[in-house]
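Q: In case you want the letters, here they are:
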Amino acid sequence: MPSEVVVLENEKIDITIWRNFLELVKNHKRDFILLAIIMVFVGALDSVFPLFTKYAIDNFIVEKNLIGLNKFIKLFFIVIAFQGINVYLFLAMGGKVETNVSYDIRKKGFEKLQILPLSYYDEKAVGWLMARMTSDINGISETLSWGIVDFAWGLAMMLAVVIAMFRLNAKLALIALTVVPPLAIASAYFQNKILKAQREVRNVNSKITAAYNEDISGAMTTKTLVREEINLEEFKEITEEMKQKSIRATIVSSLYFPIILVLGSIGTALVLNSGGKDVIQGTISYGTMAAFIAYTAQFFEPVRQLAVVFAEIQGAQASAERVFSLINEVPDIIDSEDVVNEYGDFFTPKKENWPEIKGEIEFRNVDFAYKNGEKVLENFNLKVKPGETIALVGETGSGKSTIVNLLCRFYEPTSGEILIDGIDYKTMPQIWIHDNLGYVLQAPHLFSGTIKDNIKYGHLDATDLEIIKASKLVNSHNFIMKMEKGYDTNVGEGGNLLSTGQKQLISFARAIVKNPKIFVLDEATSSIDTETEMIIQKTIENVLEGKTSFVIAHRLSTIKNADRILVIKDGKIIEEGNHRELIKEKGYYYNLYTNQFIEEKNKEVLG
Amino acid sequence: MKEIKKLFKFMTGYKGIYVLAMICIILSQMVTIVSPLIIRTTIDSIIGSEPIGSNFLERLIQYIGGRAYLRKNLWIIGVLLVFIAILRGILLYFRNTLASKTAENTAKNIRDSLYDQIQRLPYEYHVKAETGDLIQRCTSDVNTIKRFLSIQLVEVAGSLFMLGFVSYTMFKLNVKMTLVSMATMPIIFIFAFIFFSKVKKAFEASDEAEAELTTVLQENLTGVRVVKACANQKYEIEKFDEKNKDYRDKTYKLIQDLALYWGASDFICFIQIGLTIVFGSIWAVAGEISLGTVMAFSTYVNMLLWPIRQMGRTLTDMGKAIVSIGRIDEIFNENIEILNGNNEKPEIKGNIEFENVYFEYEKNTPVIDNISFSVKAGSTVAIIGPTGSGKSSLVYLLARLYDYNRGSILIDGKELKDIDKAWVRKNIGIVLQEPFLYAKTIRDNIKLANPSIQDKKVYESAKIASIHQDIKSFDKGYDTYVGERGVSLSGGQKQRVAIARTIINDCPIVVFDDSLSAVDTETDISIRKALNNRKNKSTTIIISHRISTVSEADEIIVLDNGRIIQRGNHEKLINEKGLYQRLYEIQNSMKDLEEDIKLHA
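Those protein sequences? They're chains W and R, same order as listed.
Position 273 (the first sequence) corresponds to 273 in the working numbering; numbering is contiguous.
Position 515 (the second sequence) corresponds to 515 in the working numbering; numbering is contiguous.
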């Protein structure tokens with residue numbers, strides 16, 4: 001939910017999260033290792049360069065001759081060519097790891113999203129899920145792959161430098177490295193501070209985003225209440241906090257770098273002092289000392305890089321935590337192993353083993369409660385004959401939608417059974433009922449693509465002829481043909497290039513193109529122009545014919561034409577019968593109908 | 001570069017500090033250059049026996065104690081090196097903190113201005129605005145600019161200076177060596193420039209692939225019910241996988257291009273280093289230059305190479321920052337409402353007069369067409385009419401969310417357009433049909449317009465709005481936190497909180513824009529009763545579809561197509577053929593219903 005934006009980040013490095021991560025990327029273990037190996041080469045070669053200078057000084061300059069210069073040039077050329085290739089390889093390999101890891105996690109996440117039941121979607125806002133699937137996943141894979149690069153390079157380089165120094169001169173090496181313990185202590189101290197400071201910055205940052213969101217969505221309220229100045233004052237507090245925290249974070253990290261710098265120069269100074277004496281005494285060469293001076297500088301170069309990597313990993317952990325909460329989510333509704341073996345699942349349905357559906361439906365002692373314990377249905381019983389049309393009426397929150405959601409197996413009963421043609425649907429895969437279901441939503445949702453794509457969505461194997469047939473049945477053929485590109489007309493993102501009425505008709509066509517045995521219609525309450533309204537009324541009559549149908553009904557015409565009307569209140573059927581019978585009762589339905597009647601008449605007058 | 005100029009506007013007060021940051025980086029680089037010189041002199045002239053060659057250094061060394069003394073006490077030079085590092089560290093510290101101070105303050109300025117700009121943009125802008133895009137501009141674009149300021153721009157200044165200063169130092173040391181040491185630099189620079197302008201396409205391809213992926217994801221998530229009902233999970237996964245692969249491949253391609261660049265440019269850089277060592281050795285052997293000079297050059301080459309190599313990237317980043325500035329500037333270029341002009345702030349009693357008011361959103365399609373009516377202070381007027389008849393537009397005009405094209409609206413005899421906008425809105429309380437609640441507590445939401453108001457008043461208003469009991473029944477009462485967009489409250493509850501937060505301000509004029517629609521009839525009645533019982537009754541305008549809501553008004557106005565088609569009190573209107581009578585019959589008599597029932601019985 002949106003308020004989760006402000007949830008504060010975890011402080012400690014969490015091992016289980018990274019273990020999860022390793023499990024997920026084990027397919028790319030080889031690439032990871034290869035990448036690390038390349039980086040070791042890069043780091044090691046980087047440490048070779050001062051040796052060239054040393055060689056040139058000792059053998060050419062000091063000796064005052066150029067014997068071996070050709071060989072020197074050749075060797076140097078080979079080394080740099082090799083290093084150039086290395087650089088290319090590590091970047092390309094890093095890119096491969098990054099893109100593959102993010103591809104994999106994203107794929108996993110999406111597959112999980114397809115399996116998760118509606119109850120999950122009721123809890124999570126689309127924006128929240130989007131953020132997990134895009135920026136969080138990008139963040140993790142980026143940090144991880146390039147983190148490895150910097151880490152391996154840094155360690156390799158430091159190690160190589162140390163080895164080179166010891167091989168050149170152990171005494172001088174020890175002297176140069178006396179600065180390492182204070183460096184380690186300073187790093188640990190500042191690391192902690194930097195991480196904390198950056199975490200605080202990230203937390204304020206999400207507050208800023210939330211504030212902008214309100215700024216935009218609440219503009220009208222702000223204007224009518226003349227709240228501009230107070231709003232700005234409040235916002236300025238947040239940006240001030242952001243500024244302070246950011247500057248603080250910079251100060252902390254700006255203190256760290258000079259300390260590394262000074263420690264490095266102390267190393268150089270020690271080398272110069274002691275090495276210089278040795279040179280004067282002739283115990284070491286000019287070149288050795290030059291190399292040592294270069295090494296002390298090189299040794300400290302990766303330290304800062306490693307510090308940065310560390311901070312980024314901390315940031316990525318927060319992302320990883322959220323992404324894994326999605327990937328590890330256990331769906332409430334799962335097809336059991338036996339069921340999958342016999343009848344298949346979403347991905348490999350074994351349709352040949354499925355019994356054909358006639359359309360008889362029974363709710364037997366069905367209870368349903370939400371996760372928070374809120375009871376919606378209690379001991380609900382209902383029997384529907386094949387081909388019967390059931391209209392569900394009642395107020396918002398009465399339980400109508402729950403009944404339909406249970407029928408579609410978007411939710412499952414907390415207890416009791418739902419039988420299709422006498423078969424408990426839990427003994428069948430979820431896709432069994434969905435494959436036989438036509439469902440029209442209150443707010444039509446179309447996908448980007450053409451009109452044809454959208455109708456075909458209901459039955460991917462539909463032929464053009466079947467598509468046109470479905471369109472004709474729902475009275476959408478005419479308006480489609482009037483469009484310049486006909487069925488190949490692009491509907492735009494979310495179908496936004498079409499009118500609401502057109503979208504509704506196309507969603508009808510989509511629902512019936514596979515000729516489902518069970519039909520569920522959640523009637524729209526939004527008003528459309530009278531002409532389209534008439535077409536839709538006629539369409540509904542056409543569509544419902546011959547199918548077992550459940551309609552959450554708002555239009556009086558739909559209600560009146562139903563075979564059976566169920567009046568639902570507080571999760572119970574309080575009245576049942578056809579229109580005539582229920583009107584005679586002069587009970588709840590009579591009132592409901594009267595209100596609806598007035599509403600519709602009002603609409604006729606007021607538009 | 002006009003974008004950079006615009007950026008300067010937001011740096012007010014910190015330009016000086018920013019220049020200081022640049023000076024710091026330049027100074028730190030001068031200091032950086034000194035270290036190799038010291039090492040060179042030490043090796044050549046103190047440990048070795050070359051002449052020093054510089055009067056200044058000669059005198060300095062003499063001052064410290066002479067060559068022989070230093071030769072025995074090399075630690076002095078070590079201390080000097082450490083001292084220089086400390087100096088450099090201090091300079092870098094200031095460079096970072098000063099640049100960050102500038103960047104953060106500039107970012108704060110931009111953020112605050114954006115926030116204020118957005119809330120002051122006229123209502124018509126908000127009707128069309130895309131929230132996601134706007135937020136993107138306010139957050140990531142601002143961050144891009146911040147990074148550019150705090151890191152890249154100072155760095156550019158540093159690099160340019162370095163280029164000049166190091167070249168100068170090198171030329172002074174040895175011209176021939178300098179030419180050799182800079183031989184490949186033009187190549188690297190041109191290569192970087194050409195490469196980064198070419199790779200732009202690959203960047204765009206990757207961005208586009210990401211956008212397509214996002215669209216598929218978004219549509220899948222919002223259409224989850226359709227996906228499930230159509231049993232198309234497999235199809236969706238395949239569709240997503242295709243886009244996911246495409247994004248992966250295009251991004252990988254981009255990184256490969258970049259890898260090629262860094263690999264090749266590193267190679268050229270290494271060649272440069274090699275050239276310097278080889279030629280340095282040859283000339284040193286020939287006795288033309290000293291050992292120390294070779295060492296100094298090999299350090300300088302490094303100082304020059306990497307910034308130049310980085311330049312290509314900095315240029316692309318600069319391009320991104322300029323695009324961001326442009327995107328933000330688009331928001332600033334929109335005209336905002338002037339809330340506090342040089343207008344009057346008369347005391348408002350509550351007399352309203354519309355005189356031949358005409359208003360249109362688009363040319364020649366009037367929404368309000370020549371409307372005249374008046375409301376006496378303390379009385380109630382109800383407006384009723386079909387959708388699109390102009391009811392809400394009337395309210396918008398009254399609140400000066402739009403300004404009328406012709407005619408006049410007088411408040412206590414003063415022309416509305418001459419009254420200060422903020423003053424108008426402070427005095428005319430409007431309750432919207434779909435109110436927006438802030439992510440604050442219910443208490444703060446009711447106090448919204450005036451946070452310093454007393455709690456007693458909050459409860460009073462909530463009682464009048466019939467929401468007090470509801471709030472009391474929540475676990476945390478008035479301190480219940482309203483989730484974003486008020487998710488935890490029902491539509492009717494939200495409407496009632498909105499009523500409370502409006503009437504708490506004791507405005508002389510209150511407008512209910514269909515704001516009781518989600519409230520049941522009985523609550524509706526009790527709210528209106530409570531309002532009527534208040535002392536200093538406000539002038540009230542009620543817009544509603546419910547006859548029972550409007551029937552008690554002193555005058556009822558029936559609008560259609562922007563014109564008044566009927567007016568009068570309830571008694572008069574129910575006896576007059578027309579829309580009002582028709583609605584009254586529908587809502588009160590059973591005649592139609594009985595006919596309908598007979599028809600279908």
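No lab work stands behind these hints, which were simulated from the structure alone.
Please note that a few of the clues may not be correct.
[What the hints assert, rightly or not] Covered by chain W, per the in silico footprint, the following chain R stretches (three or more residues, Cβ under 8 angstroms):
1. 87-101
2. 115-123
3. 180-188
4. 219-225
5. 267-275
6. 278-291
7. 415-426
[To be verified] Below, simulated DSSO-like cross-link-like pairs (lysine-lysine); rule was C-alpha separation at most 27 angstroms, straight line:
8. 485(W) x 239(R)
9. 457(R) x 349(R)
10. 108(W) x 584(W)
11. 108(W) x 245(R)
12. 26(W) x 108(W)
13. 96(W) x 128(R)
14. 440(R) x 236(W)
15. 457(R) x 108(W)
16. 537(R) x 350(W)
17. 537(R) x 112(W)
18. 440(R) x 351(W)
19. 320(R) x 26(W)
20. 577(R) x 207(W)
21. 591(R) x 537(R)
22. 584(W) x 591(R)
23. 124(W) x 375(W)
24. 239(R) x 124(W)
25. 128(R) x 108(W)
26. 243(R) x 124(W)
27. 452(W) x 537(R)
28. 207(W) x 591(R)
29. 414(R) x 452(W)
30. 107(W) x 128(R)
31. 107(W) x 245(R)
32. 243(R) x 112(W)
33. 29(W) x 577(R)
34. 96(W) x 349(R)
35. 200(R) x 603(W)
36. 245(R) x 26(W)
Just so it is clear, the structure is predicted and the values come from calculations on it, not from any experiment.
Quick reminder that beta carbons are idealized off the backbone N, C-alpha and C, glycines included.
Q: Which numbered hints are broken by the structure, listed smallest first?
A: 3, 10, 13, 15, 16, 17, 18, 19, 20, 21, 25, 27, 28, 29, 30, 33, 34 and 35
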